[in-house]
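Residues per chain are reported as follows:
2 protein chains.
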Amino acid sequence: MQYSSGVIEALVKELSRLPGIGRKSAQRLAFHLMRVPAAEALLLSDAIRAARQNLGSCRVCGNLTEEDLCAICSDSRRDVRTICVVEEPMDMVAIERTGTFRGVYHVLRGVLSPLDGMGPEDLSTDPLLGRVRDSAGEVEVIIATNPTAQGEATAHYLAGLLRPLGARVTRIARGIPVGSDIELSDQVTVAKALEGRKEL
Amino acid sequence: MQYSSGVIEALVKELSRLPGIGRKSAQRLAFHLMRVPAAEALLLSDAIRAARQNLGSCRVCGNLTEEDLCAICSDSRRDVRTICVVEEPMDMVAIERTGTFRGVYHVLRGVLSPLDGMGPEDLSTDPLLGRVRDSAGEVEVIIATNPTAQGEATAHYLAGLLRPLGARVTRIARGIPVGSDIELSDQVTVAKALEGRKEL
Numbered sequence: 150m151q152y153s154s155g156v157i158e159a160l161v162k163e164l165s166r167l168p169g170i171g172r173k174s175a176q177r178l179a180f181h182l183m184r185v186p187a188a189e190a191l192l193l194s195d196a197i198r199a200a201r202q203n204l205g206s207c208r209v210c211g212n213l214t215e216e217d218l219c220a221i222c223s224d225s226r227r228d229v230r231t232i233c234v235v236e237e238p239m240d241m242v243a244i245e246r247t248g249t250f251r252g253v254y255h256v257l258r259g260v261l262s263p264l265d266g267m268g269p270e271d272l273s274t275d276p277l278l279g280r281v282r283d284s285a286g287e288v289e290v291i292i293a294t295n296p297t298a299q300g301e302a303t304a305h306y307l308a309g310l311l312r313p314l315g316a317r318v319t320r321i322a323r324g325i326p327v328g329s330d331i332e333l334s335d336q337v338t339v340a341k342a343l344e345g346r347k348e349l
Numbered sequence: 150m151q152y153s154s155g156v157i158e159a160l161v162k163e164l165s166r167l168p169g170i171g172r173k174s175a176q177r178l179a180f181h182l183m184r185v186p187a188a189e190a191l192l193l194s195d196a197i198r199a200a201r202q203n204l205g206s207c208r209v210c211g212n213l214t215e216e217d218l219c220a221i222c223s224d225s226r227r228d229v230r231t232i233c234v235v236e237e238p239m240d241m242v243a244i245e246r247t248g249t250f251r252g253v254y255h256v257l258r259g260v261l262s263p264l265d266g267m268g269p270e271d272l273s274t275d276p277l278l279g280r281v282r283d284s285a286g287e288v289e290v291i292i293a294t295n296p297t298a299q300g301e302a303t304a305h306y307l308a309g310l311l312r313p314l315g316a317r318v319t320r321i322a323r324g325i326p327v328g329s330d331i332e333l334s335d336q337v338t339v340a341k342a343l344e345g346r347k348e349l
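Those protein sequences? They're chains R and W, same order as listed.
In terms of our numbering, the first sequence opens at residue 150 and continues consecutively.
In terms of our numbering, the second sequence opens at residue 150 and continues consecutively.
Take the hints with a grain of salt, since some may be wrong.
[Stated by the list, open to error] Here are the simulated BS3-like pairs of lysine-lysine, each with C-alpha atoms no more than 27 angstroms apart in a straight line:
1. R:Lys162 <-> R:Lys173
2. W:Lys347 <-> R:Lys173
3. W:Lys162 <-> R:Lys162
4. W:Lys173 <-> R:Lys347
5. W:Lys173 <-> R:Lys162
[Claimed, not checked] Covered stretches of chain R, going by a simulated chain W footprint (3 or more residues, C-beta under 8 angstroms):
6. 155 to 164
7. 189 to 198
8. 236 to 249
What the hints contain is simulated information worked out from the structure, not anything from laboratory work.
Backbone N, C-alpha and C define an ideal beta-carbon position, used for all residues, glycine too.
The shape of chain R in the complex, shown without the other chains (with noise of 0.2 angstroms):
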């Protein structure tokens, strides 16, 4: 027996589940909820039940929702004929946080990955399609997958879905991160940022 109590165990065990966190940390974490007051644990439970219980996903683009149609989706002020394609709805907190995009998007919920058994069966690809299909083409598609191999080779799949629809299809750009160094950089990336030049 290494804890004194299967309860403990347990949520060490369910802990340790989540990603970056290991059995050490998993133990540091357990302690710790059993540490603070019963209200602040009891309030990470249920925050946990009420995402889980009460998120569905949007009707149109596949966003975490409580709603039939996402806070983006449902608002007009949005642009639809630009359509910002990401792997999961984390993709689009981060570039909702720029303020700067006005379209809308699309979740794919993942990638192509066959290792992982990720195939184009496994994206939500058809709605995606019936979306640049109901606006005639007159639409942008952005691909913002992640610039790994997978994300890649996904962002290809789909120009080659999208372009014979008669949409403009793009890709984010890849180069060297803001604050951060040339000489840190891998030479991929510095390749990218070679080939994705601009005029001054």
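Starting from the structure of chain R, add chain W where the hints point.
Coordinates of chain W only, in the frame set by chain R:
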């Protein structure tokens, strides 16, 4: 509005209260919990609730337990004449893991820390003195508070209370961690390692 949903916002907020979890990690954990099967997320929610609702303090030592007495205090094979004093239940786990300690514990639930408003009255001191008195002095108390300023102060404070009761009071050794380098150790640790030297 940072997230498209207040439910997500609430979940990120509660996760970011956890020690060592910043806002970005909390966000990553929140979206992870939305991506896994609902049953997995609800297991975590339930484990937190169960831990807070079913665990209390052992009547004798203060360890976390679902019963009146913890698993260690109710184990008749443990030597009640050796009491190891620790700050928190998590420290017991670390000591139990060694498999070498056959005595019992006493959980202080903190250390003396005037800056954090922790005084002698906030520690579980009286029950410890009671246990020592009940043993008529036939007891060794190993003080295993952390080797920090507060842990040392607490150790000396407890020793001053315990010695008049006839208890043998010992302190865990401070020295170079096994597998570590003398070169990399701070000077106080090296000094303590020299001071605590033993005949070969």
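Quick rundown of the hints versus the structure:
For a cut-off of 27 angstroms, the pair hint linking lysine 162 of chain R to lysine 173 of chain R stands: about 11 angstroms separates their Cα positions. With a C-alpha separation of about 32 angstroms, the suggested pairing of lysine 347 of chain W with lysine 173 of chain R is violated against the 27 angstroms cut-off. Among the hinted pairs, lysine 162 of chain W with lysine 162 of chain R is consistent with the structure: their alpha-carbon atoms are about 22 angstroms apart, no more than 27 angstroms. With a C-alpha separation of about 32 angstroms, the suggested pair lysine 173 of chain W and lysine 347 of chain R falls outside the 27 angstroms cut-off, and the hint is violated.
Note on lysine 173 of chain W and lysine 162 of chain R: the hinted pairing holds, with a Cα-Cα distance of about 23 angstroms set against a maximum of 27 angstroms. Taking a C-beta to C-beta cut-off of 8 angstroms, the segment 155 to 164 of chain R contributes 8 residues in contact with chain W, enough for the three needed, and the coverage statement holds. Check result for the segment 189 to 198 of chain R against chain W: holds, 10 residues qualifying (beta carbon to beta carbon below 8 angstroms, three or more required). Counting residues of the segment 236 to 249 of chain R whose C-beta lies closer than 8 angstroms to any C-beta of chain W gives 7; at least three are required, and the coverage claim holds.
Taken one by one, the earlier hints fail for this structure at numbers 2 and 4, listed in ascending order.
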